[in-house]
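First to last, the sequence lines map onto chains A and B. The first sequence begins at 1 in the UniProt record's numbering and counts up by one. The second sequence begins at 1 in the UniProt record's numbering and counts up by one.
Honestly, the hints are just simulated from the structure, not real lab data. Since this is a predicted model, take the numbers as computed values, not measurements. All residues carry an ideal CB built from backbone N, CA and C; glycine is no exception. Some clues are possibly wrong.
Lysine-lysine pairs mimicking DSS-like chemistry, simulated, CA-CA at most 30 Å apart [said to hold, decoys possible]:
1. B/Lys36 - A/Lys21
2. B/Lys86 - A/Lys140
3. A/Lys28 - B/Lys86
4. B/Lys86 - A/Lys77
5. A/Lys140 - A/Lys104
If we take Cβ atoms under 10 Å as the criterion, some of the chain B residues that face chain A in the derived model are [as the list claims (entries may be wrong)]:
6. Asn3
7. Ala28
8. Met65
9. Tyr67
10. Glu69
11. Leu93
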Amino acid sequence: MAKPTATYKITVKASTEHLSKVRNFVAKHAAAFGFDQQEVADIRLAVDEAYTNIIKHAYQNKEEGTVEIELGHDRSKFWVTLLDTGAAFDTTSYSEPDILKRIKDKKRGGVGVYLIQKLMDDVQYQTEDACNTIRMIKNK
Amino acid sequence: MKNLNINHRKVETYEVLELAGELDAHTASKLENTLKQLISQKKHQIIVNCEELDYIASAGLGVFMAYIEDVRSMGGDIKLSNMNPKVYNVFDLLGFPTLYDIVQKEEQAIQKFQTDESE
Numbered sequence: 001m002a003k004p005t006a007t008y009k010i011t012v013k014a015s016t017e018h019l020s021k022v023r024n025f026v027a028k029h030a031a032a033f034g035f036d037q038q039e040v041a042d043i044r045l046a047v048d049e050a051y052t053n054i055i056k057h058a059y060q061n062k063e064e065g066t067v068e069i070e071l072g073h074d075r076s077k078f079w080v081t082l083l084d085t086g087a088a089f090d091t092t093s094y095s096e097p098d099i100l101k102r103i104k105d106k107k108r109g110g111v112g113v114y115l116i117q118k119l120m121d122d123v124q125y126q127t128e129d130a131c132n133t134i135r136m137i138k139n140k
Numbered sequence: 001m002k003n004l005n006i007n008h009r010k011v012e013t014y015e016v017l018e019l020a021g022e023l024d025a026h027t028a029s030k031l032e033n034t035l036k037q038l039i040s041q042k043k044h045q046i047i048v049n050c051e052e053l054d055y056i057a058s059a060g061l062g063v064f065m066a067y068i069e070d071v072r073s074m075g076g077d078i079k080l081s082n083m084n085p086k087v088y089n090v091f092d093l094l095g096f097p098t099l100y101d102i103v104q105k106e107e108q109a110i111q112k113f114q115t116d117e118s119e
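The shape of chain A in the complex, shown without the other chains (with noise of 0.2 Å):
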């Protein structure tokens, strides 16, 4: 049986050569919690999106920046949390994507925060001290 609560974490420069390692840890994590595959599918995808993020918008693709991934688990949830010292996400400009005129107007992506929001129970971005957080939470 899992513990009540755990807590685990690894550090990875903002590369996307490091995304599937970030998404099997996580992935792995979810799994042994007792998530069923669509659940872990989700989380994984979620981690990737915020990771990605992170990499393109707070980093710039400049590949020098870390991000540190925690995660951790009580009997009722389990959560991910990505922390990175790049540019903020501002959560004041994000609107929900219209995809038929993005693709009209050939433009990729801006999706991501869209998904993490649909595959996830509760997202929160704080930025305290040049340090961007951002948790993902779902419940069991």
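With chain A's structure known, arrange chain B on it following the hints.
Okay, now just chain B, sitting in the frame of chain A:
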């Protein structure tokens, strides 16, 4: 680390890209380069067979978003086939099934191209 492999073959007049592995922000450029090459050669009838595709993130979907208009404006299309349920689910979350032809089997994609042409 899993990567993305793309196998390009021709079926009749159609370009079939078989994707295997994981399509994310790290591997999306590989698919993008392949699509760009096809488009530059005026090969616009493209089928992407996703049978061996284990995973897709939005950076992968972004490649399809960026090039579909170019392909369609030249009278072609990008049709997607053979997705596993997990990969389909990601397309579905973003409403792609109403914007793209996503079919179960590669042959159905060919049939759809033939129907498109006869219209």
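Going through the hints against the structure:
1. B/Lys36 - A/Lys21: Satisfied, since the Cα-Cα distance of roughly 29 Å is no more than 30 Å.
2. B/Lys86 - A/Lys140: 20 Å, holds
3. A/Lys28 - B/Lys86: Given pair A/Lys28, B/Lys86 holds - Cα atoms ~17 Å apart, limit 30 Å.
4. B/Lys86 - A/Lys77: 22 Å, holds
5. A/Lys140 - A/Lys104: 39 Å, violated
6. Asn3: Result: holds, 9 Å to nearest chain A Cβ.
7. Ala28: Holds: closest Cβ of chain A sits about 9 Å from B/Ala28, inside 10 Å.
8. Met65: 5 Å, holds
9. Tyr67: 8 Å, holds
10. Glu69: 5 Å, holds
11. Leu93: This hint holds: B/Leu93 lies near chain A, its Cβ roughly 6 Å from the closest one there, short of 10 Å.
The structure fails to meet hint 5 from the earlier list, while all remaining hints are met.
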